[in-house]
Amino acid sequence: MEFLSSICPPEILCQILVGLSRTTILFIVASGLTLILGVLRIPNIAHGSLYMIGAFIAFSVSKWFGGGTTGFWMAVVLAPLAVALISLVVERGIFAHLYEREHLMLLLLTFAMALVLGDLVKMVWGGAYRTVQLPGSFKGPIPIASLPIPIYNIFLVIIGPVVALGLWLLANKTKMGKISRAAAVDREMVGAVGVNVSWVFAIVFVIGCFLAGMGGALVSPIVNITLGMDHTLIIEAFLIVIIGGLGNVWGALLGALIFGLTQSLGILIWPQFGIVFPYAAVVTVLIFRPIGLLKSTW
Amino acid sequence: MNKNVYGKESWPVLILFILLLILPFFLTRFYIYLLALILVSGLTAMSLNFVLGYGGIYQFHHAVFYGVGAYGAALTITKLGYSPWIGFLVGSLLAAFLSLVMGAICVRLSKLYFGMLQISLGSLVWAIVYRWYSFTGGDDGIHGVSMPDLINSTKGSYYFTLLVTAACLITMYFIVKSPFGSALQGIRDNPVRGEAVGINVKLHQLVALVIAGFFAGVAGVLFVVVDNSAFPDMLFWTLSLEILIMCLLGGWLTFLGPMLGAAIMVALRTFASTFTEYWTLIQGVILMLVIIFLPEGVLGYVNAKIRQLRNVASGGKA
Amino acid sequence: MVKRVRPTGFPFVVWVWTKKSLMEAIMKKEMIIGMSVVLFGFLAASFSFGADTIKVGIIDTYTGPATAYTFDVLDGFKMATNKVNAKGGVLGKKIEFLTRDEKFKPDIGLAMAKELVLKDNVDILMGTINSGTALAVSDFAKKEKIPFFVTFSKSDKITGEQGHRYVFQITENTLMAGRAAAFELAKKPFVKYWIAGDDYEYGHAIADSVWTQLKKLKPRVQVLGQSWWKVGETDFTPYITAILAAKPDFIIVATGGSGMVNFQKAAKATGLSQKVPFYQHTAIELSTLEPQGLDAPEGVYGTANYLFYYPDTSENKAFVEEFRKTYNRYPKIGALYGYVTGVLIEKSFAKAGKVDKEKFIDAVQGMVIDSPVGKLELRACDHQLMLPMFFGVTKKVPQYPFLIASDIVTIPAKDYMPTCEEIKALRK
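Residue numbers (the working numbering), protein chains in the order written: chain U, 1 to 298; chain S, 1 to 318; chain H, 1 to 428.
Derived from the structure by calculation, the hints contain no laboratory data.
Glycine residues also receive a C-beta, built at the ideal position from the N, C-alpha and C atoms.
Honestly, I wouldn't trust all of these hints.
Derived DEER-like restraints, expressed as beta-carbon distance ranges [as the list claims (entries may be wrong)]:
1) S/Thr276 x U/Lys173: 45 to 55 angstroms
2) H/Asp312 x S/Asp149: 36 to 46 angstroms
3) S/Ile105 x H/Ile408: 38 to 48 angstroms
4) U/Val124 x H/Leu98: 22 to 32 angstroms
Using the sequences and the hints given, assemble the complete structure.
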């Protein structure tokens, strides 16, 4: 790995790796968002809230199991499942009846949901910071090209493509996946051939929200788990989905890469305005390709 | 059909205006201040509705113009030291200019894509304002903006706000009723047909956006008059959605609906927060109820009921 | 959106009465009735009856990460006022308080302040952790001539260049904290420094303050470079790499709020805390150390105005004991601020003799009270509370499930606060 540091300065390499671990989280959440947007045509603003709930549940689960290694792994497994359950209830209870409404209405409805969920989180967990402990094996740095990169960041960089691969397999190799892709393009036709479109939607919605919860659970050890983490993430996730192409999971990956890397490298170039770079990148992409970089399902 | 541009039922509105004029003599200062805030929010919501309800344009990040208007005025007065009246002008024109620029970039697209590009552009503006703390005060915002003595008191700022808002609304009403307004609505309903009839769709939309941006900027300036401050949150996407909710709540298919929506939101926020800290929850629940049961907003629902009654009364199509 | 719009217009000229318009007029009436109900609702609600209490209006952030600090302020204040009210109040009136959540947004905070003063007629304003709100409310307090006690915001403008008769600061500010730190750092052998922190007003203010004073006390020191990250940053690895590459002796880390914990976590994760020592204001405070438990890094230098275990005086022990009994947790710094504010309010009204804002201000200026950290004076020339500052290093100890400060040095207020002359010069 040493040759890497000779061809590019350590800071840049480091920033790229950091950017990639950020990309993973952004990708996981954005992929869920884009699935829901692509198949159900719902711009799910509550996605950020579900991400936040995932993080909080991860905290609680981890605490329940006494922290450490068991706590962490149980949290990573159980939190997304819990979020998926919540989303199932919400979907069947509310959204299922409103699919014919206009996009704008659905967007505002999910926004309302986000407000409600945000306050519910406050009610249940209170306002304080939470943190999740890393399992012992993940603590500390690993020297890569003489840079101290935290092991957990590497773990995230590996998980990203794994999830992407998993989603690809799900979408292309399973019957469910194929039906969903068809429903994304033409739901009436799919209904006409006898498939219960409503249940297809429910499953896709739940998977999307599962991903949001997973994102939250995975990010929980490295950030402060706080109220308000939904607001910042949701706008980023939406922008990623938009530049990637609505409904396109690979687009979400591409978008997340652009977003994560421009932010990390932007910080090197102009630290004060670091966060401006991803937005500028998004604007640039949209001016030249307003429908997104990759094919959308709309 | 447009014989009577001056409206057939102006007397209830006139009464309302007179009411608003004399109320300050009966209310405590706090409620005067609150009314002024309602007018400001209402004007912002109305300016959004100009392009959203009448123009059918998915203006997802309208708050940017409101915020830029406020910052323009506040910065001109505090950093550049000019008189407040110049500040007001600068703020409004700056908002209109930004609207022109952003509109020119976005107007090539339609519907959702327009909205998305606008959100990204708006967020970019927000990020710049937020991070440039040496100039804009960053997340602290700008405060203590001095105002001319005439409008510095609670009552003074209220009357100024009332008069300016009324003037803006009248202007907006005339624009809506004018041929331009009709063309705009035609474009909203059927842009293809609009093109076919020879209307330059994109130009009309751009002009509408600039008008809306200008009025939002004026609202931002009025906020500075009432509160003597400007904050970066005025440019954040959550405020844009709140303004959207005001339009929706009040009824975006009616002229004054957004004003009513603003009144309800501000009143609810003020009173609900004294009873519970979970005001956001209540806001969300109310919004959900309105979306599910009253998709045309409060005023729209009322209108529909009236139309129903009238249909029954006149025995057939109106 | 294919419905036709029916403009229910708003014009001001004589209407034309037609049959159709009668129906539309009724429809307008609905709108008028609707608006009138809202307006009359205001009118009715605006009749509030004065109560025979002293009302304190507290604006603070009770949502989000800041709550780790603000609840303590409220609880400390409650503890003080409960004691007063148990004795029958002050001047025969009980102290009553109203809280408002500004959600860390200055515009909401200012609106809440206006509501508290104009609608609820509070006698005193108190709050907040958000410096933007504090400055905006301070302006408002000056306009309304109502005393405002700043309990947590650390901007030095509050009692410095934008100070005035009606604003008081209970907490330390960035200028003070920086100077106190420099006071101790100048005694240490470090020469080559790196400056880093949250890229916003607080971060830069603290860093500037430390550095200016340090350079004054020890001209030999040099800064090798600076790193500034966005507020709320969680991935410090790239910055830490750059810092390690430069090989400084010491790092001044100017973080606030959630940045404190995030940076300490990253410092531990990357091994920075073992390689290069660094300083953060409030690094040794319970608010920063408790959430991390035993995972917090050791050897971090910090300053703080309150440690529940130091000094080990009877006053402090009694305070901690009472707080734990009432709230079932150790008091953090906010508790001291809130408690002291309560005591100041009580004693000043008592001295003033009546519930008069101007007399209150005359009484509170220069007042000296007893507190868990000893006698405290609210300096008359700038309305700044003169708190002692503690400087220490984080360390694991067996008796607590979190780290505490060790090698504690107490720096008295007069040694690190700006002088009255300096304040006067700033306010010109």
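Tested hints:
In this structure the hint that S/Thr276 and U/Lys173 lie 45 to 55 angstroms apart at CB holds, the actual value being about 50 angstroms. The supplied range of 36 to 46 angstroms is broken by H/Asp312 and S/Asp149, whose beta-carbon atoms lie about 57 angstroms from each other. Separated by about 58 angstroms at the C-beta atoms, S/Ile105 and H/Ile408 break the suggested range of 38 to 48 angstroms. Distance hint check for U/Val124 and H/Leu98: the Cβ-Cβ separation is about 26 angstroms, which falls inside the suggested range of 22 to 32 angstroms.
Comparing the model with each numbered hint stated earlier shows that hints 2 and 3 do not hold.
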